[in-house]
Amino acid sequence: MLRPRITPCLLVRNGGLVKTVGFGNGKYVGDPLNAVKIFNEKESDELIVLDIDATVGSTEPNVRMIAQLAVECRMPLCYGGGIKTAAHAKSIVGLGVEKVAISSAAVEDPRVVSSIAAEIGSQSVVVVLDVRMQPGGAAYEVWTHNGSRNTRKPVEQVAREAEVQGAGEIVVNSIDNDGLMQGYDLALATRVRGATRLPLTVLGGAGSLADIGSLIRACGVVGAAAGSLFVFKGAYRAVLINYPNQAQKEDLIRSALKG
Amino acid sequence: MITIVDYGLGNVRAFLNVYHRLNIAAKAASSAAELKAASKVVLPGVGAFDHAMERLEESGMRGTLEELALGARVPVLGVCVGMQILGRSSEEGKLPGLGWIEGRVRHFATQASFGELPLPHMGWNDVRPVAGNPLFRQLETDARFYFLHSYYMDCDRAQDVAAVSVYGIEFCCAVSAGNIYGVQFHPEKSHHDGTRLLKNFAEL
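Quick note, the sequences are listed as chains R and B, same order.
For the first sequence, the working numbering assigns the number 11 to the initial residue and increments by one for each residue that follows.
For the second sequence, the working numbering assigns the number 11 to the initial residue and increments by one for each residue that follows.
Worth flagging that the hints you see were computed from the coordinates, not collected in a lab.
Hints may be right or wrong, so weigh each one.
Unchecked claim - Reference listing, derived: stretches of chain B covered by chain R, where coverage requires no fewer than 3 residues with Cβ under 8 angstroms from a Cβ of chain R:
1) 14-27
2) 54-60
3) 123-129
4) 155-167
The beta-carbon is built from N, C-alpha and C at its ideal position, and this holds for glycine as well.
With the rest of the complex left out, here is chain B (with noise of 0.2 angstroms):
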């Protein structure tokens, strides 16, 4: 069953609430033994990165996530900071990231390209998804979803972007290594779209 990681960061009722609505079953857990079974693990988070670091640790869920995304290979998918931690680092923190998608979080505001633009990134804007990859099916042309973040994912390589966006600076917006996968805005908030995303997840 798809299983959304319950460690206090970000909207777990929400992807829940997606999930019933499209009559997929779907549970959140909050222990090592409630997410053993996941055919599919959604990792959601918000604030700092050390934070959502630190909170996973204090779960108890690190060890059996990483032996479902290594070890069994499960899709998981992160989302926002859920993603933001499948990398090595971040300029936000400290503690390493989990290390599965080779990169570094960045502030868009350490970019010299990045000009004066309020921050955080905050609202709708356009997503650019490459050619054929799953996650994306339906959203190739005008997919549009919430953003709401000041870092983004700064991929060593290329063939790990699933899809870029455009604020001052083009970024990457979304990862996709094997059965890893993480999306920076946030499709659980994200209306038809959104939907249509977590849908696709599902059906990986």
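Bound conformation, chain R alone (with noise of 0.2 angstroms):
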């Protein structure tokens, strides 16, 4: 049986991680590579990796520490921040990096997914959505440089653009829920997934292992992906890199595709 995914999402600035609330207040909360080690140790079903300031600084990606993660990454490790072109994302995936994510790029120019795919095959075209729910919850609407850019189009729409250009996975976020720890956005994700027929993984808002039980009730076989939930530990979050052992796993995925 295909399984739903466990990913962790981790968050990079100026070379270090971080972890936001509604994408501001970044917190510092440690070393990458560091978290890379014990997520390895974990056994975590994979690994994203942001670089939160590339687009909106307008940098490259940073080549020296992508190819340190994925040297260390034992699991399939998808990267994302500041890739713009085929180039990009072929440099990358020369780095042992699997899967490469592309948010603005995508967004305003749905053809760089195809130029992206026709050079490292679309199985490793991941296109990030991060999305805020319009006011009065009529739609949700996806947003770009670090959820400072509102592109007005509905998450529906661009979702199935980036199919029809050859996505292989699309990851929506929900900047609404971020940090907060109170569950994902259930709606958010059952429209998208009843959009687009990619592999989809939901991030925004896991604080239990029950949240990622009801969004797999939800959205059936799916990745869920979460920051928060496995670098904070208790009511005062403090950092403690965790993730559920093979067993707990086991039983969340077998009660909630049960239920």
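Mind docking these for me? Both chains are given alone in their own frames, and the hints should help you get the complex.
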């Protein structure tokens, strides 16, 4: 049976790991390489690493850091941040990264997705959509540049475009729920699930394994990504990298898919 | 020495890291001269079928690889697209494959019984090996590997199927014919089961 993926998502700023709330207030939570080593030991399903300043600061991907992470990482690694061209994507895959995440470049010009897919293969192209609910809740719109620019495009439309252009996976990230640890936006998740046939990963809001269970119940075999859940422990958000063990994961998945 | 074919496709470093941690000597080869002395060969690959065949041709290593596999009968392990190009051809491309495995590579969605599942097939899935295949020693039950693909090998001969998995349909996820082996999943990124499989390959 193909299993839902439970995927830690790490945010990088100036070479350090941070965790944000609503895309702001980045709190320093440690060193990326050290975090990768811990997730190796915990045998996490995959890992997503996003450099959240690369696009805003118009910087090129940090090749040296990515190479170090890729060498260390024993599970499939998805890297995003500052990737705008097929040449960027190709060089990052060449460092040993399995999947390349693109966001603003894909939203601004969906043809970038097809040019990158032609270079590295659709299966390695992940389109990350940062989404806010429109005031009033009628629609979910895609934002770029760390949640500072509204494209005014509905998330379903952007997801479908990405699929047509040859993306291999959609990651949908709720800016509203980021860092709140009060559960995923399940309405958003099911809308995007209904809009595309691509594998889907949902990010933003998970505060407990039960929240992951609710997502799997709503969307079936899906990727459940989380930041805060896997880097904080307890009500005071003490930094402690954690991840469910094999038995916890099996229980969670079995009961969620049954229900 | 175990030699990873570096023709610009696939995560060569990941294989070297696994063997390094196992204390098993391994190196990468990006030229025929470097490949020549291999005692075992890992042939990785990602992306499109034709692209992989073109890159292998351009690398100048194809001839040496064929001498090793078909002449010296050195064990070869194709991984992901590196497994697919062991076949004769693919629905994904126009170029012929290496033809070392009697089979054709098919797309899941062209199978009527496949249904509407998401593609690519992405994530951790159960792998059921046939009994007694040395590549799957100690992986006979509960083996789980990471997959990332939309195409799979459709073998002509049942005896070449080394393992199956289920995604919409039951499909061949590992092949074995003499000294030629292939796995559709990514052992280099599949934690301890993947490490076990690569160790088994080293011990063949």
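Against the structure, the hints come out as follows:
1. 14-27: Result for this restraint: holds, n = 6.
2. 54-60: Answer holds; 3 residues pass the 8 angstroms Cβ test.
3. 123-129: holds (count 3)
4. 155-167: holds (count 5)
When each numbered hint is compared with the structure, no violation occurs for any of them.
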